[in-house]
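**Student:** Take a look at the letters that make up each chain.
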Amino acid sequence: MDNGLTAAIAANRFGLGARPGELAAIGGSAPDWVRAQLDGPAPEIASEGLQSSASTLVQIYDLRRTIRAARLGAAGGADGGNGGANAESAAAIGAFRKLPQLIRPIYLAEAGARFRESVSTNRPFVERLTQFWSNHFAVSADKSVLAALAGSYEREAIRPYVLGNFNDMLLATERHPAMLLYLDNQVSMGPDSRAARNIARRNPDRKTGINENLARETLELHTVGVDGGYTQTDVTAFSEVLTGWSIAGPAGWLSGARPGTFLFRAPMHEPGSKVVMGRSYPDSGYDEGVEVLHDLARRPATARFIATKLARHFIADDPPAPAVDRIAAAFSASGGDLPTVYRALIDSPEAWQQPAAKYKTPSDFIVSSFRGLQLPVRADKPPVGLFQLLGQRIWMPGSPAGWPDRSADWDGASGLLKRIEWADGVGQRVGPRRNAMELAPQMLGSGLSAATREAIAHAESAAQALVLLLASPEFMRR
Amino acid sequence: MKRREFLTAGALAAGGALMSSRVTFAGMANGRKPRLVFVILRGALDGLAAVPACGDPGYAELRGDLAIGRPGTDGGALPLDGLFALHPSLSFMQQSYTARELIVFHAVASPYRDRSHFDGQNVLETGYPQPHAVETGWLNRALAAIPASLAPEKERGISIAPTAPLLMRGPAEVTSWSPSHLAPLDDQTLQRIADMYSRDPVLGQKLAEALAAEQIADQGAAGGAAGTASGANSSMMQGHADALDQAVPETSDASARSILSSGTNRRPLLAERGKPGAQYAEVIQAAARFLKQEDGPQVAVFDTTGWDTHFNEGGAKGQLAVRLAVLDAALGSLKAGLGPVWNDTAVLLATEFGRTVAENGTRGTDHGTATAAYLLGGAVKGGRVVADWPGLSPQKLYQARDLRPTLDLRSVMKGVLAEQLGVPQRALESSVFPGSGQVRPLTGLMRT
Chain S
0 MDNGLTAAIA
10 ANRFGLGARP
20 GELAAIGGSA
30 PDWVRAQLDG
40 PAPEIASEGL
50 QSSASTLVQI
60 YDLRRTIRAA
70 RLGAAGGADG
80 GNGGANAESA
90 AAIGAFRKLP
100 QLIRPIYLAE
110 AGARFRESVS
120 TNRPFVERLT
130 QFWSNHFAVS
140 ADKSVLAALA
150 GSYEREAIRP
160 YVLGNFNDML
170 LATERHPAML
180 LYLDNQVSMG
190 PDSRAARNIA
200 RRNPDRKTGI
210 NENLARETLE
220 LHTVGVDGGY
230 TQTDVTAFSE
240 VLTGWSIAGP
250 AGWLSGARPG
260 TFLFRAPMHE
270 PGSKVVMGRS
280 YPDSGYDEGV
290 EVLHDLARRP
300 ATARFIATKL
310 ARHFIADDPP
320 APAVDRIAAA
330 FSASGGDLPT
340 VYRALIDSPE
350 AWQQPAAKYK
360 TPSDFIVSSF
370 RGLQLPVRAD
380 KPPVGLFQLL
390 GQRIWMPGSP
400 AGWPDRSADW
410 DGASGLLKRI
420 EWADGVGQRV
430 GPRRNAMELA
440 PQMLGSGLSA
450 ATREAIAHAE
460 SAAQALVLLL
470 ASPEFMRR
Chain H
0 MKRREFLTAG
10 ALAAGGALMS
20 SRVTFAGMAN
30 GRKPRLVFVI
40 LRGALDGLAA
50 VPACGDPGYA
60 ELRGDLAIGR
70 PGTDGGALPL
80 DGLFALHPSL
90 SFMQQSYTAR
100 ELIVFHAVAS
110 PYRDRSHFDG
120 QNVLETGYPQ
130 PHAVETGWLN
140 RALAAIPASL
150 APEKERGISI
160 APTAPLLMRG
170 PAEVTSWSPS
180 HLAPLDDQTL
190 QRIADMYSRD
200 PVLGQKLAEA
210 LAAEQIADQG
220 AAGGAAGTAS
230 GANSSMMQGH
240 ADALDQAVPE
250 TSDASARSIL
260 SSGTNRRPLL
270 AERGKPGAQY
280 AEVIQAAARF
290 LKQEDGPQVA
300 VFDTTGWDTH
310 FNEGGAKGQL
320 AVRLAVLDAA
330 LGSLKAGLGP
340 VWNDTAVLLA
350 TEFGRTVAEN
360 GTRGTDHGTA
370 TAAYLLGGAV
380 KGGRVVADWP
390 GLSPQKLYQA
400 RDLRPTLDLR
410 SVMKGVLAEQ
420 LGVPQRALES
430 SVFPGSGQVR
440 PLTGLMRT
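In order, the protein sequences belong to chains S and H. Going by numbering that gives the first Met the number 0, the first sequence wraps up at 477, each residue one higher than the last. Going by numbering that gives the first Met the number 0, the second sequence wraps up at 447, each residue one higher than the last.
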């Protein structure tokens, strides 16, 4: 295969879309360019103005206290007279409305920082992998306060581990407050735990027990996969293992944990040994969960599940078995060392075939357009409306399975027309200041077909030429 | 060039004569064209919350705090028959029941017996007994099996979404539509793109489909208020759980209010916008316009999410109650938007599986098995609950935790497809629901 073609594959399939000059910089060995991005520590996202998940949770705790106080005021006022009650409940509602005012700027700042990184990074393979893992361990910002946590979750539990070991990322995600909240584990309580027995003694009517959401999705979506060989009994037992995995509240420092960070609540933990997928775990509190996750990470089913998802993302919707085998073998042999896994992917000839088999997701389409056309990015004003319009709101897959990753999930008629309509608007805005004839080979390399080049050359205006470039079949796929 | 001519040219260039018969179609011989709307309820809607079995002594006992009171009690359920009732949020559905336009199926389940949302939804959408057997949906294959004499349109189905859900993918030509605030392209640019796509059958086909749908939306809007668009997400109710209660366990009943305004960049769900479901008006009205078109699609699909209530589900009030109210209002506005076409319409709502009968440890319910399904519309012979009730006493439960399935969801689907769309029996058993020979279609679902 000629160098021009492999460079285009490297930039567009492994990366996030070629920026002007990128294909030339890739030079002779495209796989080397991809591989070299794995060297050095994982890039940190520029984080001025961003705050930790713990800080956000503390702000939410504080606001909640204000709301509760205003409500209590309202209730008290009701005894005293109507005028007071109305004023107080207005205060309660006013306080309540502050929650979106707290959450939205955090979401926008995080989305802006991530978008700027996507558009500007010169290690786009690592950024693509980051977003792959963020989607694998998905939380969805449309639930609860997750809109304020999804970004910091990605910075805290995904980014630092992308070039590390799978087991470490698994542990970091499952114990992160965003995941615990998203999958409802923070109040899951062992039925025979000390806390449950205390509650039963004081208030026999109050229901306590486990919530199996986190355990089920960890098995099904994060590790062995739905065919990984577990049963309902395993789900229940693993839920019991995870009882007590919770979050420190406003007074968390009393128990030695900073408010808004992970806290193992020993009194909520189900006592006794548990059997998960045929292995017995003696009662050891928090360590039980760590051990189960460690064992899950080493199961062959996990290696195969991860390898299939990676190959589907980088090669084809139905990935070729030899590539999956190769990646899974690298995963198992290296004990989940992710750079080794990625190298097996890069070394797979199937990943370097033409024509491009993957229809771009809306996010791919937007980011590669911004990169290719060097569209201006304002980190304080990320194009969240555009992501929504094209059908992929940032950090909002709507389910713990994350966004789907097959062409048929994205290539809808209505979605295609919207991409074209947006491209038309871009053409009208920046067309006069861009030269599509020069940009097309910079973005698509030797993937640019003669017919598309011809269509762009014969466009009636600079604006129309840009629309044709962004709407071209080559640019819609990677 | 006029857009219609362009469309035809574009479609032909793409290799699919998509629009050619559109103008000539004159409806069915007897003048009645049946419509089917399918609403996917993703996340496992709790059938015992939507349709509580208030007359079963096990209900209140196992449900605990989540139990909804009997009809007639304060905040109680809306009456159906002696055994079953409807959630108090479902007032339009109850009116439909009284008007004999609603059938509730209970203790119903797809053939899927495990508890993964994603495999469960795959079975719900593919219509195969095992997940991930095929990449096409039963509703699309049913459309492909309708004799041309009954449905001469080329595009018989539309998904109200940017991309068709699996349920609607397959051999039959279908399209998708979702609201947009982007300015339309000039025809000249569109033509050049269509020409460019003549080398790419997939994109060419999709573009032609999108333009056809746009044309129908525009036609229907002419003379009325053209939908000014807002970029509202077409997914009717993407998950919007309660903002505060989730973060910190010890909150009281803030859910009904907090659900309205939790802090994403989405518009508030209810409170500040008047009646429930107002924000779906644009999407529902557009769907009604599509279905009202004589030469428009016969089948429309809505995708809804947010029914996965592991935490703070609520009873008569609370998180799920608000969502059900939104759904109920959306169904009401669909009826209003369809006008007389409602009489030719059946709306089927189904979810992937049910939830545990007993409350879990976090005031919610975990993944279960059997649940309820709903069929309503002017074409439906309603006013009844169809259920072979297995009972809720502990020894009657499936695996000691779930409502036991006694009715195969495919019986309902097959009955609806046969009676409403005229899908031949042979096709129902071979191409639409393979391996369902033993699953008899229900009969007498529709008025004749």
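Hints were generated in silico from the structure; no laboratory data involved. Don't take each hint at face value.
As the list claims (entries may be wrong) - Chain H side only, calculated, beta carbon under 8 Å to chain S, not exhaustive: (1) D118; (2) Y127; (3) P161; (4) L181; (5) V340; (6) D343; (7) Q394; (8) Q398; (9) V438; (10) T442.
Small disclaimer: the values here were computed from a predicted structure and weren't measured. Note that the Cβ used here is the ideal one computed from N, Cα and C, for glycine as well.
**Student:** So, against the hints stated earlier in the document, which numbers end up violated here?
**Tutor:** Hint check: 2, 5, 6, 7, 9, 10 fail, others pass.
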